[in-house]
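Asks: These are the residues of each chain, in order.
Protein chains: 2
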Amino acid sequence: MKLSYINNEYFQKLISIEIDPKVKNKLISDMCRINILHMICCAGSGHIGSSFSSIDLMNWVLGEINKNHENLYFFSSKGHDAPALYNSLIAYGKLDFSFLNKLRKIDGLPGHPDVNTPNIFTNTGSLGMGISKSKGIIKANRLKGIKSKVIVLTGDGELQEGQIWESLNRVSQENLNELIIIVDNNKFQSDRSVKITSDLNDLESKFKSFGIETISCNGNDVNEFSKAFETLEKSNKPGILIADTIKGFGVSFMHGDKLEEGEFYQFHSGSISQDVFDSSISELSKRISDLTEKHNLDFKIELSNYETPEISLSSNKKQSLLASYSKSIVSLAEQNEKIVALDGDLILDTGLIEFEKKFPNRFIECGIAEQDMVSQAGSFAKEGFIPIVHSFSSFLTSRPNEQIYNNSTEETKVIYSGFLSGLLPGGPGHSHQAVRDIASMSGIPNLEMIQPNSEKQVEEILKYSISSPHNIYLRFCSIPFTIPENFDELSKLERGVGNTISNGKEICMITYSPTMLSEIVNSKELLLKNNIDPKIISMPWINTFDDNWIKEELSNYHLIVVEDHYIEGGFAEKLSLAILKMGLNIKVDVIGINEIPKSGTNQEVLDHHGLSSKIISEKVIRLTKS
Amino acid sequence: MKLSYINNEYFQKLISIEIDPKVKNKLISDMCRINILHMICCAGSGHIGSSFSSIDLMNWVLGEINKNHENLYFFSSKGHDAPALYNSLIAYGKLDFSFLNKLRKIDGLPGHPDVNTPNIFTNTGSLGMGISKSKGIIKANRLKGIKSKVIVLTGDGELQEGQIWESLNRVSQENLNELIIIVDNNKFQSDRSVKITSDLNDLESKFKSFGIETISCNGNDVNEFSKAFETLEKSNKPGILIADTIKGFGVSFMHGDKLEEGEFYQFHSGSISQDVFDSSISELSKRISDLTEKHNLDFKIELSNYETPEISLSSNKKQSLLASYSKSIVSLAEQNEKIVALDGDLILDTGLIEFEKKFPNRFIECGIAEQDMVSQAGSFAKEGFIPIVHSFSSFLTSRPNEQIYNNSTEETKVIYSGFLSGLLPGGPGHSHQAVRDIASMSGIPNLEMIQPNSEKQVEEILKYSISSPHNIYLRFCSIPFTIPENFDELSKLERGVGNTISNGKEICMITYSPTMLSEIVNSKELLLKNNIDPKIISMPWINTFDDNWIKEELSNYHLIVVEDHYIEGGFAEKLSLAILKMGLNIKVDVIGINEIPKSGTNQEVLDHHGLSSKIISEKVIRLTKS
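Note that the protein sequences, when read in sequence, are chains X and C. What the first sequence shows, in the numbering used here, is residues 55 to 680, in sequence order. What the second sequence shows, in the numbering used here, is residues 55 to 680, in sequence order.
Hints were generated in silico from the structure; no laboratory data involved. Incorrect hints may have been included.
Some chain C residues flagged as far from chain X (calculated, every beta-carbon gap over 12 Å) [as the list claims (entries may be wrong)]:
#1 Ile200
#2 Glu437
#3 Glu658
Here are a few chain X residues that face chain C, going by a calculated C-beta distance under 10 Å [what the hints assert, rightly or not]:
#4 Lys159
#5 Phe175
#6 Leu213
#7 Arg224
#8 Ile418
#9 Asp491
The C-beta atom is built at its ideal place from N, Cα and C for all residues, glycine as well.
Generate coordinates for the entire structure from the input sequences, incorporating the hints supplied.
Replies: Structure (C-alpha cells):
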C-alpha cells in the first residue's frame with residue numbers, strides 16, 4: 055500500500071506555536087487521524103472508528119489537562135482505541151515517533167495497551183476494568199502521600215460489562231475526587247449500534263444515581279468538552295464526562311451517525327483499502343490546511359510517503375473454520391428447533407449473521423455482557439433447549455467462569471463456542487490471545503473440550519456436540535490455515551481418539567491445534583534431515599482420551615506435545631495423568647507457552663514463543679538427543 | 055438442643071380457613087419463622103437474618119400471586135435465604151414436610167438451592183445470577199409458546215455484583231413483561247450494613263434509569279407490598295419492587311435496624327444458642343396467638359418438640375487456620391508497610407477484623423464485587439504495594455478469573471487468599487465448595503498455589519508469599535482439623551518439596567489438603583491390617599515441584615494422589631506431567647472428585663464422594679490388588 059503520514063517535526067512545531075489551545079487541539083487531532091490511518095494500514099488491522107471518536111478528547115487530556123497536574127494517569131479502559139492513544143502520546147512526546155510504523159509488531163506497539171510501552175499505565179483490552187484500576191491507583195497514591203489525578207476513558211458498549219457498575223459503587227462513598235471518567239459515547243459497538251445491541255437507556259441518570267457528578271457534552275467539539283472538563287475539575291468531586299461523539303469522526307464517510315438502524319459499522323476494526331485511505335487523507339489534509347489558513351498560521355504540512363509491502367489477504371486453499379461454522383450451525387438449526395444461539399456483540403466474528411437472519415427468535419443478543427449471556431444460556435438449557443454461547447475464547451472461558459460452572463451444577467447441557475482461540479492471530483495482544491482457555495474450562499463436570507482441525511471437522515464436531523449428552527467447549531482457530539495433504543481422509547472423528555497424520559519412528563508429535571499441526575508438519579522435513587522421523591497426530595479431543603488408543607498409538611514413543619496454550623493447565627497435563635493411570639512408561643515433553651504472549655505478526659509471535667516449525671524442529675532435535 | 059416446631063397440620067388448616075389473605079400471610083410468616091429457626095438449629099447453620107426479612111414476601115408470592123398464574127417461576131437469586139424459601143414451599147405443599155429436619159443433610163435440603171429439590175427452578179448461592187436466569191426462562195417459554203411469570207428475589211448486598219447490572223440492560227428493550235424483580239432491601243450484608251460496606255445510593259433511580267418500572271414499599275408489611283404487587287402486575291411491564299425490609303424481622307432483638315453504624319450483625323449465618331432460640335420462639339408464638347385472638351380465629355397452635363444431639367463446637371486440639379492467618383497477616387503488616395488487604399464483604403470469614411483495626415488505611419473494603427476488588431489490587435501492585443485479596447475460594451478463583459489473568463499480564467505480584475477451599479464444610483453446598491479452584495487458577499503466569507496444612511505453616515507460607523517474586527494463590531481450609539503427630543516438626547517448608555509424614559513401602563499416598571491428610575492418616579490402620587504400609591506425604595505446593603524431590607521420594611512407589619478437588623484440572627495432572635517429563639516410570643492413581651459436590655454434614659459428604667478414611671482405604675486396597 056502507498057501510505058502517507060505526518061512527520062514528527064510538524065507536531066513539535068505546532069505544539070510550540072502559541073495559539074488558542076482549542077485551535078491547536080483541532081489541528082493536532084486531525085494530524086493524529088492521518089497518522090492513525092497510516093499506523094493501522096501498516097499493521098494491517100486496528101480500530102479506526104473508536105480511535106477517531108476519541109482522539110480529540112485524548113489530545114485535550116494529554117496536551118492541556120496534563121499541564122495542571124504533576125501526577126496525571128490517563129489511560130483507555132477499552133483499549134481498542136490504542137492507535138489513537140499511541141498517536142496522542144507520540145504527538146506530545148511521550149512515546150518515540152519511530153513507533154509509528156510498528157503497531158502490532160513484536161518490537162513495537164501491542165494491539166491493545168501494555169505496560170511495557172512507555173507511559174502506558176495499565177493493561178487493557180479486556181473490557182470493563184478501567185474504573186476499578188483507577189480506584190486502585192488513587193488509593194495507592196494516597197497511601198504514598200502523593201497527589202494524583204486519574205482520567206480514564208471508557209467506551210459506551212463497554213458499559214454493558216458488569217464490572218463497570220461494580221466499580222462505580224464506592225466512588226462517591228470514598229470521595230475519589232482524583233477521578234474523572236470519560237465515556238466515549240460514540241453509539242456504536244463491535245457490530246452495530248449500542249441502542250440495538252443493548253440499549254443503555256438514560257445514561258446520565260444512571261451515573262447520577264451512583265452519586266457521581268455527571269456532565270454530557272459534544273466529545274468531538276473542543277469548545278464544549280474543554281468547558282466540561284473545567285467544570286469537573288473545579289467541582290473537586292469524582293466526575294463523569296459523557297462525551298457524545300461520532301464513531302469514525304473526522305472522515306465524513308466513516309461517520310457512524312449516517313448508518314441506518316441495524317446496519318453494521320464498517321470501520322470498527324480491520325484495515326482499509328488504498329482508495330479509502332486516499333480519500334480519508336485528502337479530506338483530513340484539506341481540513342488541516344483550511345484551518346491553518348483561517349487562522350493565518352505559518353504552518354504548512356507536507357506529507358511523507360511510505361510504501362508497505364502488500365499484505366496478502368488471499369486465503370487460497372486455506373481452511374476457514376468461521377465460514378464452515380456459519381453454514382453448519384444454520385443447517386443443524388434447520389433440523390433441530392431446540393438450538394438457540396447466544397451472542398455477545400460478536401456476530402461478525404463468530405459467524406452468526408446467517409443464523410440471525412434465518413432464526414431471529416432463536417438468536418439471543420446479549421451485548422457485551424458475558425456473565426449475563428452464560429446464565430441466560432443456563433436457563434435455556436434447563437427449559438429443554440440446546441443453547442450455544444458465542445464469544446472470543448479469551449473472554450468466554452474466563453469472564454463468566456463461575457456462571458459456566460453454575461450451569462454445569464444444574465446437570466443440563468450447554469455448548470460454548472469460543473473463537474480466536476490459541477496464540478494466533480498475534481496482532482491483538484494478550485487480552486485477546488486465548489492461551490489459558492483449557493485451564494479455565496477444566497474441572498467443569500461433564501464438559502468435553504474439542505478443537506476442530508478442518509472445515510470438514512467443524513460440521514462433524516458441531517453435529518457430535520449437539521447430540522452428545524455432555525457440555526461442550528469448542529475451541530476454534532479464527533485465522534486461515536493449511537491442512538496436511540489427505541487430512542480429511544485421515545481424520546475420522548471418534549471420541550477420545552487422535553488421528554495419525556503421518557507415521558514415524560520413536561518420536562511422536564501430537565497437538566490439538568490446527569496452526570500447531572501445520573507447524574509440526576512443516577518441521578518434519580528438517581527433522582528427517584536429522585534422522586528423526588516423527589509420527590504426527592492430530593488430536594481434536596482436549597480432555598477425553600480413549601485408553602486403547604493411548605496404548606496402541608502412543609506406547610513405545612517419546613511423546614512431544616505441542617500446545618498453543620500455557621503448558622500449565624493444558625492438554626499435556628491431562629494426557630500425562632491418563633498415561634500414568636494406565637501404568638504406561640512413556641517419556642513426555644511439551645513445547646508450549648510459558649510466558650505472556652507477545653503482540654506481533656503471526657510469524658513474529660510464533661518465533662518468539664518457539665512455536666514456529668523451525669524452532670519446533672530445533673527443540674525436538676535437542677530433546678531427542680538429550 | 056431442645057427445639058420446637060409447628061407441625062404441618064397447622065399450616066394446612068390455616069391455609070384452608072377463609073380469612074383475609076393479609077392476616078393469613080402474617081400468621082403463616084411467623085409460623086414459618088418458628089420453623090426456620092428449628093430448621094437452622096437442626097442443621098447447625100443457616101442464614102436467619104435474610105430468611106426473616108424475606109419470608110413475608112415469599113409467602114405472598116407462593117400463597118397469593120401464585121393463584122393468578124399457571125406457570126409461575128419463583129426463586130431467590132441470593133439463595134442464602136433458602137431456609138425461608140424451603141419453609142414457604144413446605145407451607146404451601148410444594149415440598150414435603152419431612153424435609154424440615156433435613157437442612158444441610160445429604161438426603162435433605164442443600165444449604166443453597168439446587169434443582170434436585172422439588173420446585174427449585176435453578177441453582178443459586180453464587181450471587182448475582184438470578185435476573186439473567188429469569189431472562190433465559192422467559193425467552194425459552196416464549197419460544198415454546200407458553201405464557202410464564204417469573205418472580206426473582208435478590209438481596210441488596212447482592213446488587214453490588216456486576217452481573218446484576220449486566221442483566222438489567224435489555225430487560226426494558228426486550229419488553230420482558232413477565233418479569234418482576236423483588237429486592238429484599240434489608241440494609242445488611244454478610245458483615246455489616248450495606249451503607250458502610252458499599253453504599254447503593256439512590257437505588258430507585260438506579261433501576262428507573264434502566265427504563266424499568268420501580269416501586270418501593272415496606273417489605274415486611276403485607277398491606278403495603280400486596281398493593282405494590284398489584285400495581286406491578288397491572289402495569290404489564292417488567293417491574294422492580296424495592297422491598298424495604300428489616301434484617302431479622304419478626305424477632306425484636308434480631309432486628310438489624312437497631313445496630314449502631316459499623317456494628318456487625320450477629321444473625322447473618324450460623325446457628326443460635328438455646329436461650330436465643332427460646333426467646334425467639336416465645337416472641338413469635340405470642341404474636342401468633344395475639345393475632346388469632348384479635349381476629350377471633352378458631353386456630354390454636356401447639357408446638358411440637360424435638361431434641362437434637364448437641365452439636366459440639368469445641369475444636370480442642372484442632373487446628374484453626376483462620377485465627378493463625380489473622381495473627382500472621384497483622385504481624386507481617388507491622389513489619390512491611392507495603393502490605394494492603396482487600397476484602398469483599400467477608401472480613402469475619404477471612405480473619406481481617408484485627409487487620410482493619412490496626413491498619414484502617416491499608417484495609418480496602420470492596421463490597422461483594424470481586425472483579426472490582428481484583429482489578430483494584432492490580433493497581434496497588436503496579437504502584438509498588440503488596441496487595442492481598444480475600445474471599446471464598448469458590449468465588450475468588452472464578453468470578454474475577456479474567457481480572458486475575460489481566461493482573462498477571464502486568465508482571466506485578468498479587469497474593470490471593472482463598473478461604474472455604476476444598477470439599478468441606480459440606481453444609482453450604484456446591485456454590486460454596488471450592489473444588490475447581492486449582493483448575494481455574496491454572497495457567498496464570500508466574501503464579502504459585504500453596505495450601506497451608508497447619509497453623510504453623512500459615513505463618514511460614516504467608517511470610518514466603520510476601521517475599522516471593524511470584525503471584526500466590528493461598529488455598530485455605532476453613533474448618534478445624536487435626537494434624538498428624540509431630541506434624542510441625544516433620545513439615546519443613548521448602549519450595550516444591552513435600553513432607554514425608556510417615557514412611558512406608560510400595561504405596562505412597564500424597565495430598566495437599568489438610569482434611570484429606572487427616573483422612574489418609576486415619577486410613578493407615580485399616581491398610582496395615584491388609585498388609586499395605588503406605589508412605590504418607592503432605593505436599594503444600596500444588597503446582598511447584600522440585601525434580602530431585604520427585605526422583606528421591608516418589609520413584610519406586612505406586613503413587614496414590616488424594617484430592618478434595620475435581621480430578622480434572624487438579625494436582626494429579628500437574629504432578630503427572632512433572633513425572634513424565636523426567637522420564638520416570640511411576641504408576642499414578644487418583645482418589646478425588648468426579649461429580650458435583652453434595653451438601654450435607656462433613657462426614658456425609660466425605661462418605662458420598664469416597665473421601666472418608668474408610669472408603670479411601672478400601673479404594674487403596676482395590677487399586678493395589680488390581
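Asks: Could you run down the list of hints and mark each one as holding or not?
Replies: We went through each hint and held it up to the structure:
no.: 1; hint: Ile200; result: violated, 9 Å
no.: 2; hint: Glu437; result: violated, 4 Å
no.: 3; hint: Glu658; result: holds, 18 Å
no.: 4; hint: Lys159; result: violated, 19 Å
no.: 5; hint: Phe175; result: holds, 7 Å
no.: 6; hint: Leu213; result: holds, 9 Å
no.: 7; hint: Arg224; result: holds, 5 Å
no.: 8; hint: Ile418; result: holds, 7 Å
no.: 9; hint: Asp491; result: holds, 8 Å
Of the numbered hints stated above, those contradicted by the structure are hints 1, 2, 4, listed in ascending order.
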